[in-house]
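Single-letter residue listing:
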Amino acid sequence: MTIKIYVPQDSASLSVGANEVAVEIEQEAHRRNEKITIVRNGSRGLLWLEPLVEVETPDGRVAYGPVEPSDVAGLFDAGFVSGGKHVLGHGLTENIPFLAKQERLTFARVGITSPLSIEDYIDHEGYRGLERAISLGSEGIVAEIGASGLRGRGGAAGRTGKKWQEVRASVSDVKYVVCNADEGDSGTYSDRMIMEGDPFVLIEGMTIAGIGVGAAQGYIYLRSEYPHAFDVLNAAIKIAYEKGYLGNNIRGSGFSFDLEVRRAAGAYICGEQTSLLESLEGKRGLVRYRPPQPAVSGFMGKPTLVNNVISLATVPIILDKGSAYYKDYGMGRSRGTLPIQLTGNVKQGGLIERAFGVTLREIIFEYGLGTKSGRSVRAVQVGGPLGAYIPESQFDVPLDYEKFSDISAVLGHGGIVVFDDTVDMAQQARYAMEFCAIESCGKCTPCRIGSQRGVEVIDKIIANNSRPRQIHLLRDLCTTMIDGSLCAMGGMTPFPVLSALNHFPEDFGAAAGDAKVANL
Amino acid sequence: MTAQQDWDRQAVQKVIEHHQHTPGGLLPVLHGIQDILGYVPDEAVEAIADGLNLSRAEVHGVISFYHYFRTSPPAKHTVHVCRAEACQSMKANDLVVHIKNRLGLDFHEVSESGMFGLEPIYCLGNCSCAPAIMIDRDEIHGRMTEDKFDSLVARLQGEGK
Ligand SMILES: Cc1cc2nc3c(=O)[nH]c(=O)nc-3n(C[C@H](O)[C@H](O)[C@H](O)COP(=O)(O)O)c2cc1C
Ligand code: SF4
Ligand code: FES
Chain H
1 MTIKIYVPQD
11 SASLSVGANE
21 VAVEIEQEAH
31 RRNEKITIVR
41 NGSRGLLWLE
51 PLVEVETPDG
61 RVAYGPVEPS
71 DVAGLFDAGF
81 VSGGKHVLGH
91 GLTENIPFLA
101 KQERLTFARV
111 GITSPLSIED
121 YIDHEGYRGL
131 ERAISLGSEG
141 IVAEIGASGL
151 RGRGGAAGRT
161 GKKWQEVRAS
171 VSDVKYVVCN
181 ADEGDSGTYS
191 DRMIMEGDPF
201 VLIEGMTIAG
211 IGVGAAQGYI
221 YLRSEYPHAF
231 DVLNAAIKIA
241 YEKGYLGNNI
251 RGSGFSFDLE
261 VRRAAGAYIC
271 GEQTSLLESL
281 EGKRGLVRYR
291 PPQPAVSGFM
301 GKPTLVNNVI
311 SLATVPIILD
321 KGSAYYKDYG
331 MGRSRGTLPI
341 QLTGNVKQGG
351 LIERAFGVTL
361 REIIFEYGLG
371 TKSGRSVRAV
381 QVGGPLGAYI
391 PESQFDVPLD
401 YEKFSDISAV
411 LGHGGIVVFD
421 DTVDMAQQAR
431 YAMEFCAIES
441 CGKCTPCRIG
451 SQRGVEVIDK
461 IIANNSRPRQ
471 IHLLRDLCTT
481 MIDGSLCAMG
491 GMTPFPVLSA
501 LNHFPEDFGA
511 AAGDAKVANL
Chain B
1001 MTAQQDWDRQ
1011 AVQKVIEHHQ
1021 HTPGGLLPVL
1031 HGIQDILGYV
1041 PDEAVEAIAD
1051 GLNLSRAEVH
1061 GVISFYHYFR
1071 TSPPAKHTVH
1081 VCRAEACQSM
1091 KANDLVVHIK
1101 NRLGLDFHEV
1111 SESGMFGLEP
1121 IYCLGNCSCA
1131 PAIMIDRDEI
1141 HGRMTEDKFD
1151 SLVARLQGEG
1161 K
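Just so you know, the protein sequences line up as chains H and B, in that order. Going by this note's numbering, the residue at position 456 of the first sequence is 456; the numbering climbs one at a time, nothing skipped. Every number in this note's numbering is 1000 more than the matching position in the second sequence, counting from 1.
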């Protein structure tokens, strides 16, 4: 009997040696005359265990990790091909608590299937959403997305159904669907995991979106830092064309949809949707004034739906299982699930898909088991470089868009970066300003100049150069940036800065009282 | 002859022609050229502008806006070090210092021998295996340490022989 062994091909797995492990397993099996086939799957998201090798057994898949090439012979000695015990063994993958306690809807197939097998995709409920979408037609599709309560997962959390309806209602012979795969936020990779681990779900989601809003052309705007995702997407698109899931008259439905991947070029601001559209048109990524909204005048002046990868990859399951099924997960006005990325200085980092409502504390301590360094957790940054730093006293806040907003924080794209007690929060605040200065598109002064001034002011605070006055200046500067910036780059950079200052004044050389006094 | 004059005009022309009718074709053209040559030579700007019906200023403006495009030949191996927050939480700043010392380079520099170049990068999407670096265009390394970096450099130098 041939034994199936899974070795992920996700770039995180590759970055810690998955290819070398796969080669070693192949060669060792050959030496021992064991019949095996290696499947290169996506990652299961248990990233601290990568490279995570799984062996298929009658009871299910058994996990071993993190495996190094030098461990392979020992694994064979221990009989891992039949699920034998080994120090790197974790039993059935499904039962690993980090995974067992998840609600995987968008990520249902990631790590389970072979990413470029469309047969595997279809066997695992793939393309059922499209089938139902075709029978519902445009109006029904948009109604279903609206009823699901889905909100944009790219960061701004706008109502997806509303945006789809606006594009649908825009009258034009040509419309576009653009997938925002710029994923620039530090602490995030869920888009990448979908694109590398289950590319057809994104293709299906975009096809449904095309039918829903009346667009026959789609683009995936992919950051240049994701070369592996680029290859996987292109290979998947080619297969989808060959099998009649893209192109003219998709599966005899009468609908047509073409799809192309476009590479970005390393500018964080191009994740902002109007900057993205400029870039897609071949220009500098300067943010556009709105209105008009992209739904009315987007790519090449035509109505354009811009959605994040996760938003679009969630569409198939909503169409397949129905809006009520999806909406049933979550809390308040945050419906469904959020793929959380637990990253940074954390013992067990990885992808955690959970319904909204789970608390930060549960994520950091029950899934993450605290810091990797073994020191205490001092702060987490949630929602990327424009997201607030959150102190331990606020870890009981549930992951919910409104609850986060209540504490002047954002969920963004669901990235959580953990810092231990060696972090210097004044340096983190400085970096936030520096990043804004590097990545500002330059269109408005409060962002372009304000961020440079911000770096200088924080340097003076750190150097104790008329500190109280500089802290006061920093607050003024933040107010100017918040009030005077055209987009969230300049408008939200003050979030990490002010949260660092307010929650950790001692790092700025100010007693808690001082910071407040300066604020008066 | 310097590398600047060395590039293959015909290959560049082919890329331009291929994208002449692509909507928003400038980025695909720049990518195509950089894929082949490793950079976009200043001398190619005129051909790009002519081919896509743009002004040279427009083409220059776009090249300079994006961090990814470079206008000088890259090193044989470019080390991209992630400077973003998740990597910072795992002491990327110390790693950066080590790498700069090891290579004798600051960011955006290329070594005299042309062997190594050093660039900052802001998140490789490998934030749970931080700190992360990337060698050249697609070789990503996670859980990077000073020792691992030194062996990597030794390996690359060995290959160069
Ligand atoms: C500075 C900045 C960077 C952004 N980066 C991204 C990004 O990388 N990916 C993304 O999907 N949305 C990003 N956004 C949000 C987009 O502007 C837009 O809201 C989103 O793509 C819409 O899709 P959604 O409704 O599905 O979230 C960014 C916004 C700003 C202001
Ligand atoms: S806030 Fe910054 S990034 Fe946004 S438009 Fe203004 S200058 Fe550009
Ligand atoms: S922050 Fe370094 S890989 Fe994401």
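One or more hints might be untrue.
Calculated cross-link-like contacts (lysine-lysine; reagent style DSSO-like; alpha-carbon spacing at most 27 Å) [what the hints assert, rightly or not]: (1) H:K283 - H:K302; (2) H:K372 - B:K1014; (3) B:K1091 - H:K347; (4) B:K1014 - H:K283; (5) H:K243 - H:K327.
Since the hints were derived computationally from the structure, they do not count as laboratory data. Every value quoted in this text rests on a predicted model; they were computed, and no experiment measured them.
Evaluated hints:
1. H:K283 - H:K302: holds (16 Å)
2. H:K372 - B:K1014: This hinted pair is violated, its Cα atoms lying about 51 Å apart.
3. B:K1091 - H:K347: The hint holds at about 15 Å.
4. B:K1014 - H:K283: OK: B:K1014 and H:K283 at ~21 Å, within 27 Å.
5. H:K243 - H:K327: It is violated: about 32 Å lies between the C-alpha atoms, which goes past 27 Å.
Consistency note: the structure conflicts with the earlier hints numbered 2, 5.
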